[in-house]
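K.L.:
Produce the complete structure using the sequences and hints provided.
Chain order of the listed sequences is A and B. The opening residue of the first sequence carries number 224 in my numbering; numbering runs sequentially from there. The opening residue of the second sequence carries number 86 in my numbering; numbering runs sequentially from there.
Quick caveat, the hints were computed from the structure, so don't treat them as lab data. No false leads were slipped in.
Mimicking DSS-like on lysine-lysine, the simulated pairs with C-alpha atoms at most 30 Å apart in a straight line are:
#1 A/Lys461 x A/Lys347
#2 A/Lys456 x A/Lys274
#3 A/Lys368 x B/Lys314
#4 A/Lys362 x A/Lys456
#5 A/Lys362 x B/Lys314
#6 B/Lys361 x B/Lys93
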Amino acid sequence: MKNSIIILTVIVALAAASCGGGGSTAGKQKQVTLSAAGATFPQPFYNLAFKRYNEAGGPLINYGGIGSGGGIKSLRDQIVDFAATDAYLSDAELAEMPGEVVHIPTCIGAVVIAYNLPGVTDLKLTPELLEGIFLGNIKMWNDPKILAVNPGLVVPDMEITVVYRSDGSGTTYIFSDYMSKVSPVWSAQLGTGKALNWPAGIGAKGNPGVAGTISQSEGSIGYIGFEYAFSQKIPMAKVMNSAGFYIEPTLDSFTAAAAAEMPADTRVMITNSPNPAAYPISSFTWIIMYRELAYGKHSPEAAEAAVNTVKWLTGEEAQAIATSVHYAALPQNASLQAAALLKGITYEGAPVLK
Amino acid sequence: MSGDRITKALLFISSLTILLLSAGIVISLFGGSIPAFREFGLRFITSSAWNPTAGSEEYGAMAFIAGTVITSILALIICIPMAFTTSLFIAEYYRDTRISGILRSLVDLLAGIPSIVYGFWGFYALRPLLVSTGLSDQGFGVFTASLVLAIMIVPYATSLSAEIISMVPAELKEAAYSLGATRREVIFSVVIPSARSGIIASFILALGRALGETMAVTMLIGNANVIPKGLFAPGNTMASVIANQFGEASGLKMSALIAVGLLLFLITALVNYLGKLIIKRFA
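P.N.:
This is the structure:
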């Protein structure tokens, strides 16, 4: 009884405190609040960029990192102003949406092969090795196939533990898209998707979960977003690209992957790029929004703020923020295309951007 | 008189709310799982295939049912000796002493630790320990998850058992002592028999909690969607797969996850019902 009174008091106090907080921000000025949701892969970039934009007088943006699928669902239910996804919408998914949807690329991320091997910081991998390791056919680190690609490598007689994402994720989608392109065996056995039927290894939740598991487990290898491996200082493998070069994951090698021609709607996967300087497991990540923003109770102010935010996000200032948190900036052709797409967004038929 | 009526009405409304809530949960679980059962039929329960790749989608819950049942039962087996002896210590052997008071607060403290903290402890402390014993390669798997689960459910079983044991009438024990029984004899022939149904109920409550535990398990079990091949092999549980895959699920996969939730609900209900049967028989 006494306990419950204390708990009740705490709850009331907390409620009062949070109401007080809300009141004071509302008192300052009438500010547009946008809600957005989606991919966790670019979330470190979005969080920082939206915070800076808000500090510079932009709208307050609440971004929920609920996953690409969750973001698409939220946009379909029209409960967000825009959503974020790592996998572009398929024609079938587009047909299910209540209105026409545009894809705006915001930056380039990459999926890296992170590993934890005592004494090894330089590891080269070919598509064949990736296929063998992740399908569970290459079981030991001192397998002759690994040593053939890495002459002189001193590896312990250790079992390989594959770590994959236990939750559905855009990171898995990008990795499996690449693997399906380079390996017919992979394409037939696992295919491309946000969640796969893994034949070997262990699953961990989220990019942070996989990164943590790899850094804590000797002999493990897994795929994670570049930012997560970089910030936790987990060694990353060089991957052989389609031109036969072993490419280190760097922002430059990600941008190189995006140098090719783009379709008008920007829906393109840039994995396995033919560019000899390109890191092969790179990908755009997109903001998705409706082409016609007058729907439901969507106000013209919110529509204008949303388009301006995305325009700013693809502009120079925000792209510099992207590089500071280890995402590669959009190449010129992509930002021009993004700008053109944004110009086509309307509210009640009239272009939102003047 | 009218105060009485108001109380009656309030009690009626709150009980009705509980009833409506449970009915609502069951109805929405049933409704949501219809597409999965329509697609796979009973195979959904017996199959252990879990292939979310578009085009060759196939879902079966057996791997998760096996993982849940194995980890929970194993946790219960590990929990019983710990919880049973601790509750005897607190409520009978050292009852009303300072040390039992301290121990009781510590047990209550364990119950208040969030699941994720147990998960962290398992991940950073217990797992490396298991790896160093050489029993397991990476320390992820059914056994690690069960061990942490056991520690998590000990406080529930202990508090409740201790409560029940301390409720055994003093007259009964005094009568036994006056007949010349030793302390051990009193415990085994008076205290335990008269508290039996309550003690069993406390372990069933603990099992129920183990069945639905999510976060700590998901961090330690390895999240491999297969029937565990051994004690130290990775697997997955029903609660864990739902927590992991709900975010990106849609269509048939969403329905399959809801169906897994429905099965978990049914298993928990079945365990509770069995518990009631056991209590009735021994009481």
